[in-house]
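Undergrad: Each chain, written out:
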Amino acid sequence: MSVQRTFEEINEKIKSGRVVVMTAEEVLDLVEQKGITGAAAAVDVVTTGTFGPMCSSGVFLNFGHSKPRIKMNEVYLNGVPAYAGVAAVDAYLGATALPAADPANRNYPGEFTYGGGHVIEDLVAGKEIELEAFAYGTDCYPLKKIKTVFRLSEINEATLFNPRNAYQNYNVAVNLSDKTIYTYMGVLKPHLGNANYSSAGQLSPLFNDPLLKTIGIGTRIFLGGGIGYVAWHGTQHNPCVERAANGTPLYPAGTLAVIGDLKQMKPCWLRGLSFLGYGATLQVGLGIPIPILNEEIMEYCAVKDEDIFAPVVDYSHAYPNREGGNLGLVNYKQLRSGEISINGTRVPTAPLSSYSGAREIALTLKEWIISGKFLLARPAAPLPSIEAGISLKSLPQRGSE
Amino acid sequence: MIKQKLVLRFPPALVEQPVIYHLVKDYDLMVNILRADINPKKEGRLMLELSGSEANFRQALDWLQEQGLRVMNLKQQITWVEERCTHCGACSVICPSGALALTRPEMKVSFDASKCVICELCLRACPARAMETLLDEVK
Ligand code: SF4
Ligand code: SF4
Chain D
0 MSVQRTFEEI NEKIKSGRVV VMTAEEVLDL VEQKGITGAA AAVDVVTTGT FGPMCSSGVF
60 LNFGHSKPRI KMNEVYLNGV PAYAGVAAVD AYLGATALPA ADPANRNYPG EFTYGGGHVI
120 EDLVAGKEIE LEAFAYGTDC YPLKKIKTVF RLSEINEATL FNPRNAYQNY NVAVNLSDKT
180 IYTYMGVLKP HLGNANYSSA GQLSPLFNDP LLKTIGIGTR IFLGGGIGYV AWHGTQHNPC
240 VERAANGTPL YPAGTLAVIG DLKQMKPCWL RGLSFLGYGA TLQVGLGIPI PILNEEIMEY
300 CAVKDEDIFA PVVDYSHAYP NREGGNLGLV NYKQLRSGEI SINGTRVPTA PLSSYSGARE
360 IALTLKEWII SGKFLLARPA APLPSIEAGI SLKSLPQRGS E
Chain E
0 MIKQKLVLRF PPALVEQPVI YHLVKDYDLM VNILRADINP KKEGRLMLEL SGSEANFRQA
60 LDWLQEQGLR VMNLKQQITW VEERCTHCGA CSVICPSGAL ALTRPEMKVS FDASKCVICE
120 LCLRACPARA METLLDEVK
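Chains as they are written, first to last, in numbering that gives the first Met the number 0: chain D, 0 to 400; chain E, 0 to 138.
Keep in mind the hints are simulated off the structure, nothing from the lab.
Mixed in with the good hints there might be a few duds.
[What the hints assert, rightly or not] For each label pair, taking beta carbons as the anchor points, the in silico distance ranges come out as:
{"#": "1", "chain 1": "E", "residue 1": "S109", "chain 2": "D", "residue 2": "R68", "range": "37 to 47 Å"}
{"#": "2", "chain 1": "E", "residue 1": "R57", "chain 2": "D", "residue 2": "S176", "range": "44 to 54 Å"}
{"#": "3", "chain 1": "E", "residue 1": "E48", "chain 2": "D", "residue 2": "K265", "range": "40 to 50 Å"}
Even for Gly, the Cβ is constructed at its ideal location relative to N, Cα and C.
Required output: the full structure, derived from the provided sequences and hints.
TA: Structure follows, in structure tokens:
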């Protein structure tokens, strides 16, 4: 028996209330009982989720015009600078932006209490935001400065556009040095004191469609508690790394650029974070439905934590100096157990990406699909995958010293 | 019998008082010192566990307050703001006492205040800033 389904057939089943949806975790038991073909025949859609820190995130805002008009040249939201090098009252607020007054790492390790990610969380929460903007003044835009307050509902657009989210796999960070270090992978204690990882493993979107056979440009997704879309491949998209036999990459690989209307999102799925000694960022909730078009796709969705591997990388020296190499591969079952072994040393592990959050996102997306409010979108174009011949470039360093 | 963890805050003038001596000698309490420090403003902070009879314990608290010390429940020094917690789990390798721990397979973090030793490491290590300190005075 061979299972074949189209996006259109799945959407018909969603509309008629007959669709069968399971999360990437729930489906594992079914595959165990019924095998790949049986599970593929029974299930139309598998939902995935991830809820981790994603620095390459931000929001395009259009504030509406003031009277008289202003062509904003410098924009601050609750003191956090936004990029204003676009049209008059447009700006882009990035998740890692910091107020000029933030002492950053001058008080090492810096606390980074409030940055772009926190402004985004406050915007979504409907809080009043202070806007301060400066301009040089033109004949058509005479105003030179403005200070006001607004709420998300009072401005024209707020479009979350994240250039790189949903990393397909990530390093496990450790510290081989003899002092504590403060990184985007959290606080790392000396002498292999802890190992931090950041992926939802078997629940993570790009581990369930490792070769990007169903996810493409235009795929409709759960983004920040609302509905969003895959816009493009993400920055540093690197699908051509070495992979296991099940298709999952052994190193950080694919990424997604995603887009959605901030106005429908929820603050619990867009959380401002402060990484001690590193900076501010945003924790983004993201979930992708995988249509079970055939058995092959079900086989990908059946991937378990024990079959997904990540490299252990030293963040005290090898990572900052780009020396490459790693301390071996570990699987996500080991990582999630709370302890791994590195060169014979037992090292406690901690996640930075919320597994329980990922599970809740996958369950929410499942509910949306079953209730008929979320139809699957067939991609308009595929994303570059293993045959794309991509290799990551490094920054040319020439010219000046 | 009562056993309770407390934080005593000493104003600079009282830092040199033999408080522990009186707790033991006059109130017959057992004292287990968990942590002690003096901040740059010369205020002292002493975290301890007291055990003894309930009556003596109450009288000792009254006496401490008469001396001008602030007495707080250690348990409430550190609070976990559950609605801010994203259950990421980052704190689980930072917390030295096991007060913050991940439950498996739920992969949710729970906070057991009775295990907390107020090292305060979680306050800044929690990216979502879900851990707070509160000063809750014992009446
Ligand atoms: S680090 Fe903070 S947000 Fe993460 S689980 Fe611990 S208390 Fe919750
Ligand atoms: S103060 Fe220290 S012991 Fe208490 S919860 Fe935080 S890290 Fe754990």
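Undergrad: Hint by hint, say whether it matches the structure.
TA: We went through each hint and held it up to the structure:
no. : hint                       : verdict
1   : S109/E - R68/D: 37 to 47 Å : 54 Å, violated
2   : R57/E - S176/D: 44 to 54 Å : 51 Å, holds
3   : E48/E - K265/D: 40 to 50 Å : 43 Å, holds
In summary, the one numbered hint that this structure violates is 1.
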